[in-house]
Amino acid sequence: MPRFLLHRLLQGLVSIVGASIVIFLIARLSGDPILILLPNDASPQLIAETKRNLGLDLPLWHQYLIFAWNALGGDFGRSYRWQMPALQLILDRLPATIELAICGLVFSVAIAVPVGVLSAVRPGGWTDRFGRVFAMLGQAMPAFWVGLLLILFFAVELNWLPAFGYGGVSHIIMPAIALGWYPVAAQTRIVRSAMRDVLDSDHIRLSRALGTPEHWIVWKYALRNAAVPLLTMLGVYFAAMLGGAFVVETIFAWPGVGRTVVEAVFSRDFPVVQAGVLFTSILFVLSNLLVDLAYGIVDPRIRADR
Amino acid sequence: MALSIPVSEPIARRRLPAWLRGAPWLAFLVLTIVLVCAVGGEDILPDDPNGLNLADAFRPPFWAAKGSAAHLLGTDNMGRDILSRILAGSQISAIVCAYAILFSGCIGALAGMAAGYFGGIVDAVLMRLIEIQQSIPSIALALILAAAMEPGLTTVIVVIVLTYWAWYARIIRGEVMTLKGRDYVNFARVAGVGTPTILVRHLLPNIFNTLIILATLQVGQVILFEASLSFLGLGIQQPDISWGLMLADARQYITSAWWLITMPGIAIMLTCRSANILGDWLRDRLDPRLRQL
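Line by line, the protein sequences are chains A and B. The numbers in this note's numbering rise by one with no breaks, and the one at position 78 of the first sequence is 78. The numbers in this note's numbering rise by one with no breaks, and the one at position 223 of the second sequence is 223.
FYI, nobody ran anything at the bench for these hints, they're computed from the structure. Treat the numbers as computed from the prediction; the structure is a model and nothing was measured. A hint or two may mislead.
[As the list claims (entries may be wrong)] Across the chosen pairs, the derived CB separations fall in these ranges:
#1 Val-14/A - Cys-106/B: 22 to 30 Å
#2 Leu-13/A - Met-177/B: 21 to 29 Å
#3 Leu-52/B - Leu-9/A: 54 to 62 Å
[To be verified] Reference listing, derived: stretches of chain A covered by chain B, where coverage requires no fewer than 3 residues with Cβ under 8 Å from a Cβ of chain B:
#4 172–179
#5 191–204
#6 254–266
#7 269–277
[As the list claims (entries may be wrong)] Which chain B residues stay away from chain A? Per the calculated CB distances, all over 12 Å, these:
#8 Ala-23
#9 Gly-40
#10 Gly-67
#11 Leu-72
#12 Phe-103
#13 Leu-153
#14 Ala-188
#15 Leu-211
#16 Ile-223
#17 Ser-228
#18 Leu-286
Backbone N, C-alpha and C define an ideal beta-carbon position, used for all residues, glycine too.
Only chain B is shown next, with the shape it has when bound in the complex:
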């Protein structure tokens, strides 16, 4: 006798793995667009982001009077397509995020692990360094660095790394301090495992989730920071395209062309918000204890 097992429809339809359910798809979509534009370069843009066309200058977005479908978000004072420039600007944001997060994460993780594991003098020195770093407002640090170095991509990355390494270091230090007292670490030490191996094989995998979460939560802040620096003229310089720089250029046309002010800002807001949503989601998935971050 064939025994038919009734398979309820919802179960059959749940093909997504459990950890992906409730993922913030819209945020994923926005960040994917940013990433694709950053990697794809100028070939995939609707128009040349640096193509001058003075006859077509100051065209409003397509829904406004005098707007055209050829320039969906309008054109700037030199007739350059705003949409293409915003998409091209995602490249700088992605580059800054990648380098800044990689370096601040690595330096912070190394310092935090060393301080948390060895304690004593290493810890004391590191904590003083963190306090010093926190006593200089990050924009002020950026200003003095920009005065000392030429403003540009490198300055932006150096400033962000100098600002954020301490954030990683403090949190990783706390994690390692609790982890190093666990039995498996003690057993490894008793079994004669060397310190480097304990750090890499036994501690690093356990702080990896925290690192991923911190890195994702940093993306939004890096984007805001880069935009602010570039807006002040201390960050990305012409002819590179950055959202903050676009807004700085748009300032003088604020009375005539509202879309020059609003559009790049919306790009910043969307990207930043998406990164924050993704970071929150990852944190809730991987490590809800970090919720106060």
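The shape of chain A in the complex, shown without the other chains:
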């Protein structure tokens, strides 16, 4: 186990360093940061001096090392717009994003588990068909459109829920549905096929033969085993929610990391964009790492494999 753990940690570290290089290079692609910082009529001396002060006359690899060293210490520079450290801004907005991602995950699992279980119990039944239609719709509808339709229906037509903003439970319902919509189909499929396998196994047949009530068998014995693949995959879905949050937060004016980064793109607030993207990437890698570790714990064959 420690070997496997070490290997995966190292791999995750390489990914994060690589991601930071990519982010650094793309940010430098944008042309000379001097042109944003200084007025158009700045004298050549002033430009040269500012370049020296900011370290922009150094070779690119040296600049990257400075960037990485500062980033390690939590220094991504100051936000041009908010006049505060970029990382501080991201950390301030993080709880709202995590809250939304968890609610989205809860929504998708709350739909996927019952639909998956019932469609495994009765393949071809109406839950199975409903699940199929939902899967079909889910994979062809972009999250932002789901969000707009929800607003159109529940906020504009019925006036039941607030259309946007942050506040009580009523504010989070629609963003969570919009965010959790897409993964429902995949999760249902995982639960369904896991349930089909488990319901076919010997211990379930034995329970049936012993006369255990069917609902007891399905919801207690079988689901407990069938939930393992879904539980181990939750980290992947959580990571996907972080990516989806950029769009959903923008629609619902949710004060999270996603919306902050999108706004920073439009105001060319580079430190915030860099900090936000790198931070999301790190969360992304960590979630995937947790999934692999969970798999390693649940299924020892994978450990041996690596």
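Knowing the structure of chain A, use the given hints to seat chain B on it.
What follows is chain B alone, placed relative to chain A:
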């Protein structure tokens, strides 16, 4: 004596070649309409997609009260015909799909073939690159690219290529790794055939089906991705017409004009669903092993 052979009616009527039976005709139809509109340009549209007519603004679809047959799906805030704009929007979707899939497919196939065939250091480097690519969420990558470059068609294509090449590369790498151990490849090598020839003549034809399937399955995802980017304002810009951009414009009229929100979304859904159906069908026809994709 004339021997009459009874020809059963169903056999005589089965004129379709076997591989076309059970083809998803509806999906074909939707995609054909999209393609024809993309190629045909503005001449074949019912109305000028950019024609302003403020007197005719906010007309609902024809079945609603105050709707008119001249604008089947209604008009937007500037009186532009929604149906024409949706059909014109298919052009951007088709262009983005064509370039994005071509480039990501070619780069991914080349990288995957090199990694799978040569192994060793090439493979190790490629796998690290794929892991790095997968550690940045694609929308986040799009955001930072859009901040660095001007948002527009090129940015959209670059982002999609950067996101999807790794998907091709990983799958092609796996295929090539199994193929290169086959006897016919070994025999070719023993017979003195050069590496480029082995790659092009013996391996490429065998991964071609996989490439076709991956490309078709990518269409739906590219359409969704482009729409999302354009909706955020990071993709296609005015005056070009894109479905995502139409939805972004429609947001401010959500309280008054429901058809502005629903119609372009339905176009996205239909096209995307059709492409997915076609991809699934092709996969089942050509290579059922790839079913978990």
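Structure-based check of all given hints:
no.	hint	verdict
1	Val-14/A - Cys-106/B: 22 to 30 Å	holds (26 Å)
2	Leu-13/A - Met-177/B: 21 to 29 Å	holds (26 Å)
3	Leu-52/B - Leu-9/A: 54 to 62 Å	holds (59 Å)
4	172–179	violated (count 0)
5	191–204	violated (count 0)
6	254–266	holds (count 5)
7	269–277	holds (count 5)
8	Ala-23	holds (18 Å)
9	Gly-40	holds (25 Å)
10	Gly-67	holds (18 Å)
11	Leu-72	holds (20 Å)
12	Phe-103	holds (18 Å)
13	Leu-153	holds (17 Å)
14	Ala-188	holds (32 Å)
15	Leu-211	holds (22 Å)
16	Ile-223	violated (9 Å)
17	Ser-228	violated (5 Å)
18	Leu-286	holds (21 Å)
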